[in-house]
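Number of protein chains: 2
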Amino acid sequence: MQSLHTLQNLINEAIEEKRFNEKPAELYDPINYIMSLGGKRMRPVFLLMACDLFGGSVLSALDAAVGIEMFHNFTLMHDDIMDKAPIRRGKETVHVKWNENVAILSGDIMFVEAYKLMIKVEDNILRDVLKVFGDTAASVCQGQQIDMNYEQTDEVSVDEYLEMIRLKTAVLLAGALEIGSLIGNAGHENAQTMYQFGENLGIAFQLQDDILDVYGDPEKFGKQVGGDILSNKKTFLLIKALEDAGELDNEELSYWINAENPEPQTKIQSVTSIYNRLGIRQLAEQEMNRHAEKALQYLEALPVDADKKQILRRFAEDLLVREN
Amino acid sequence: MQSLHTLQNLINEAIEEKRFNEKPAELYDPINYIMSLGGKRMRPVFLLMACDLFGGSVLSALDAAVGIEMFHNFTLMHDDIMDKAPIRRGKETVHVKWNENVAILSGDIMFVEAYKLMIKVEDNILRDVLKVFGDTAASVCQGQQIDMNYEQTDEVSVDEYLEMIRLKTAVLLAGALEIGSLIGNAGHENAQTMYQFGENLGIAFQLQDDILDVYGDPEKFGKQVGGDILSNKKTFLLIKALEDAGELDNEELSYWINAENPEPQTKIQSVTSIYNRLGIRQLAEQEMNRHAEKALQYLEALPVDADKKQILRRFAEDLLVREN
Numbered sequence: 001m002q003s004l005h006t007l008q009n010l011i012n013e014a015i016e017e018k019r020f021n022e023k024p025a026e027l028y029d030p031i032n033y034i035m036s037l038g039g040k041r042m043r044p045v046f047l048l049m050a051c052d053l054f055g056g057s058v059l060s061a062l063d064a065a066v067g068i069e070m071f072h073n074f075t076l077m078h079d080d081i082m083d084k085a086p087i088r089r090g091k092e093t094v095h096v097k098w099n100e101n102v103a104i105l106s107g108d109i110m111f112v113e114a115y116k117l118m119i120k121v122e123d124n125i126l127r128d129v130l131k132v133f134g135d136t137a138a139s140v141c142q143g144q145q146i147d148m149n150y151e152q153t154d155e156v157s158v159d160e161y162l163e164m165i166r167l168k169t170a171v172l173l174a175g176a177l178e179i180g181s182l183i184g185n186a187g188h189e190n191a192q193t194m195y196q197f198g199e200n201l202g203i204a205f206q207l208q209d210d211i212l213d214v215y216g217d218p219e220k221f222g223k224q225v226g227g228d229i230l231s232n233k234k235t236f237l238l239i240k241a242l243e244d245a246g247e248l249d250n251e252e253l254s255y256w257i258n259a260e261n262p263e264p265q266t267k268i269q270s271v272t273s274i275y276n277r278l279g280i281r282q283l284a285e286q287e288m289n290r291h292a293e294k295a296l297q298y299l300e301a302l303p304v305d306a307d308k309k310q311i312l313r314r315f316a317e318d319l320l321v322r323e324n
Numbered sequence: 001m002q003s004l005h006t007l008q009n010l011i012n013e014a015i016e017e018k019r020f021n022e023k024p025a026e027l028y029d030p031i032n033y034i035m036s037l038g039g040k041r042m043r044p045v046f047l048l049m050a051c052d053l054f055g056g057s058v059l060s061a062l063d064a065a066v067g068i069e070m071f072h073n074f075t076l077m078h079d080d081i082m083d084k085a086p087i088r089r090g091k092e093t094v095h096v097k098w099n100e101n102v103a104i105l106s107g108d109i110m111f112v113e114a115y116k117l118m119i120k121v122e123d124n125i126l127r128d129v130l131k132v133f134g135d136t137a138a139s140v141c142q143g144q145q146i147d148m149n150y151e152q153t154d155e156v157s158v159d160e161y162l163e164m165i166r167l168k169t170a171v172l173l174a175g176a177l178e179i180g181s182l183i184g185n186a187g188h189e190n191a192q193t194m195y196q197f198g199e200n201l202g203i204a205f206q207l208q209d210d211i212l213d214v215y216g217d218p219e220k221f222g223k224q225v226g227g228d229i230l231s232n233k234k235t236f237l238l239i240k241a242l243e244d245a246g247e248l249d250n251e252e253l254s255y256w257i258n259a260e261n262p263e264p265q266t267k268i269q270s271v272t273s274i275y276n277r278l279g280i281r282q283l284a285e286q287e288m289n290r291h292a293e294k295a296l297q298y299l300e301a302l303p304v305d306a307d308k309k310q311i312l313r314r315f316a317e318d319l320l321v322r323e324n
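Chains as they are written, first to last, in our numbering: chain B, 1 to 324; chain C, 1 to 324.
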């Protein structure tokens with residue numbers, strides 16, 4: 001098995017080599033820019049790990065791995081326009097640094113380039129890989145639309161929220177693992193088990209994201225702690241708090257949600273206090289652990305030596321106890 | 001050979017059947033909307049004709065034909081955002097009827113759906129079809145970016161303009177013909193000849209579009225005659241006029257290009273008069289005919305019975321003497 005460090009280096013080098021020099025520059029410079037901003041690269045790393053797990057050559061999976069990261073960054077580029085986000089990974093977003101039109105069209109061509117990388121797999125799995133990739137891409141778009149819809153409604157249940165993050169976040173991790181498995185000649189059944197592993201891990205990962213946004217260490221988190229609270233983002237924590245709150249807490253929550261120009265730190269502290277009273281952090285961690293355990297059960301079920309699974313398990317566990 | 005009428009009916013029915021009922025509605029309603037607005041459907045018709053020409057079953061090419069039309073409409077949906085266009089085919093554009101975010105994300109998922117339709121071709125041509133489709137899609141994006149760049153510069157040569165319309169318009173027609181040929185088992189060489197036929201035809205088609213925008217019959221054209229003149233769009237006609245004009249005409253052209261809030265009909269009539277003095281319509285028609293003839297030479301060169309080519313030739317010729 002290849003080490004995490006080796007795989008990350010492979011990915012980083014492959015992304016570096018995939019710099020575009022094509023014209024027009026307005027179209028390709030933003031791709032080079034967003035791809036150079038880094039990030040955890042967890043989707044391509046998982047793709048390579050899945051291939052490696054079944055004895056496939058990670059080099060044969062490298063194009064698809066870069067393709068998954070390219071697709072992920074395309075969705076970020078378009079999401080940032082839709083969310084009017086000024087900052088991504090500490091730097092200006094593409095639609096701010098250039099303009100919206102550039103971000104739309106550069107995103108479109110990133111999607112083309114992602115497909116071009118995907119079709120480099122062997123003939124015998126080409127159709128299967130493209131089917132997984134297409135279904136995954138459609139789910140991610142659906143999840144983003146549902147997420148935007150949730151901004152306009154007060155009535156989002158926990159189940160609806162979990163389904164949204166499944167589509168928006170988890171399915172891509174799952175798709176990356178399934179594609180990596182197919183490239184590693186895992187066969188359909190094992191590849192689908194890996195998909196289930198990824199889907200549950202992805203939901204757990206997003207729940208951890210929700211928790212960190214409120215309870216993360218400001219010095220390690222990398223973003224403003226409390227950002228979700230300030231923007232009234234309907235995360236698991238807020239939805240669960242609204243569900244569980246008694247009359248008084250509900251009134252206070254509503255007050256802060258509807259407050260115009262509240263003092264930021266006061267709003268964050270007040271809402272966090274309500275979460276604390278209701279034990280929301282523990283409930284979120286329970287939900288996260290439920291999905292993490294389910295994920296690991298799928299991993300256990302695979303007919304592969306336990307020590308080969310170790311690197312995947314460790315990478316998954318690291319992602320769930322991370323601080324940023 | 002199938003008649004034009006039969007092929008158009010097949011396409012229209014297949015598009016009608018491909019209506020989406022998936023959720024969320026904000027994502028899929030705009031797809032159904034834009035696909036129902038009609039248009040010439042010339043790209044899918046050409047795709048089916050190409051398949052038919054080489055003895056392939058047009059039914060086996062129907063998914064790819066709808067896929068090409070889906071891709072084309074995705075580019076229109078995104079282009080309309082970038083161009084801030086309020087009207088498409090006489091109806092509100094998607095970003096006006098819904099909003100920009102919906103138009104971005106619905107467009108993205110149309111692109112996914114186009115790929116999903118494309119991968120329904122047979123195994124033996126899957127990779128080739130996807131290669132043509134990916135290269136085509138990248139060219140269309142490049143062409144759109146170059147077109148937007150040309151709005152910001154005064155120095156566009158005729159050759160640069162022809163290269164831009166090749167990428168933005170002609171390549172997709174060419175790609176549709178190549179893919180249809182591959183599905184019809186034409187083999188690589190013939191499929192590439194069909195690509196050349198389409199590329200030249202597509203350039204001729206766009207030049208005819210430029211001419212119609214100035215010289216079309218207002219009752220048949222469907223859009224405002226003179227729209228390109230009003231918006232100072234750098235078409236073949238304007239670029240050529242700026243190139244050929246003597247000092248006086250150049251001064252008058254510059255005056256109208258820089259005029260703030262000119263009376264529309266006066267501007268249109270004045271610029272058209274300059275074009276007339278310089279014989280620009282004839283020069284544009286010469287350039288169009290040069291590409292049309294080149295296109296037909298490629299068609300001639302194909303090792304297929306002449307009477308089988310008749311329907312393709314007639315459809316091509318009809319597009320070049322059209323009035324809207």
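The set of hints was computed from the structure by calculation and includes no laboratory data. Each hint should be verified, as a subset may be incorrect.
Keeping only pairs whose Cα atoms sit at most 16 Å apart, straight-line, the calculated EDC-like set for lysine to aspartate or glutamate is [unchecked claim]:
id	chain 1	residue 1	chain 2	residue 2
1	B	K120	C	D128
2	C	K23	B	E160
3	C	K131	B	E160
4	C	K40	C	E300
Which residues of chain C face chain B? A few of them, derived with a C-beta cut under 8 Å, are [claimed, not checked]:
id	residue
5	P24
6	I87
7	K116
8	I119
9	I125
10	L242
11	L278
No experiment lies behind these values; they were computed from the predicted model shown. Don't be surprised by glycine CBs; every beta carbon is placed ideally from N, CA and C.
Hints versus structure:
no.	hint	result
1	K120(B) - D128(C)	holds, 11 Å
2	K23(C) - E160(B)	holds, 13 Å
3	K131(C) - E160(B)	violated, 39 Å
4	K40(C) - E300(C)	violated, 25 Å
5	P24	holds, 5 Å
6	I87	violated, 19 Å
7	K116	holds, 5 Å
8	I119	holds, 5 Å
9	I125	violated, 11 Å
10	L242	violated, 22 Å
11	L278	violated, 30 Å
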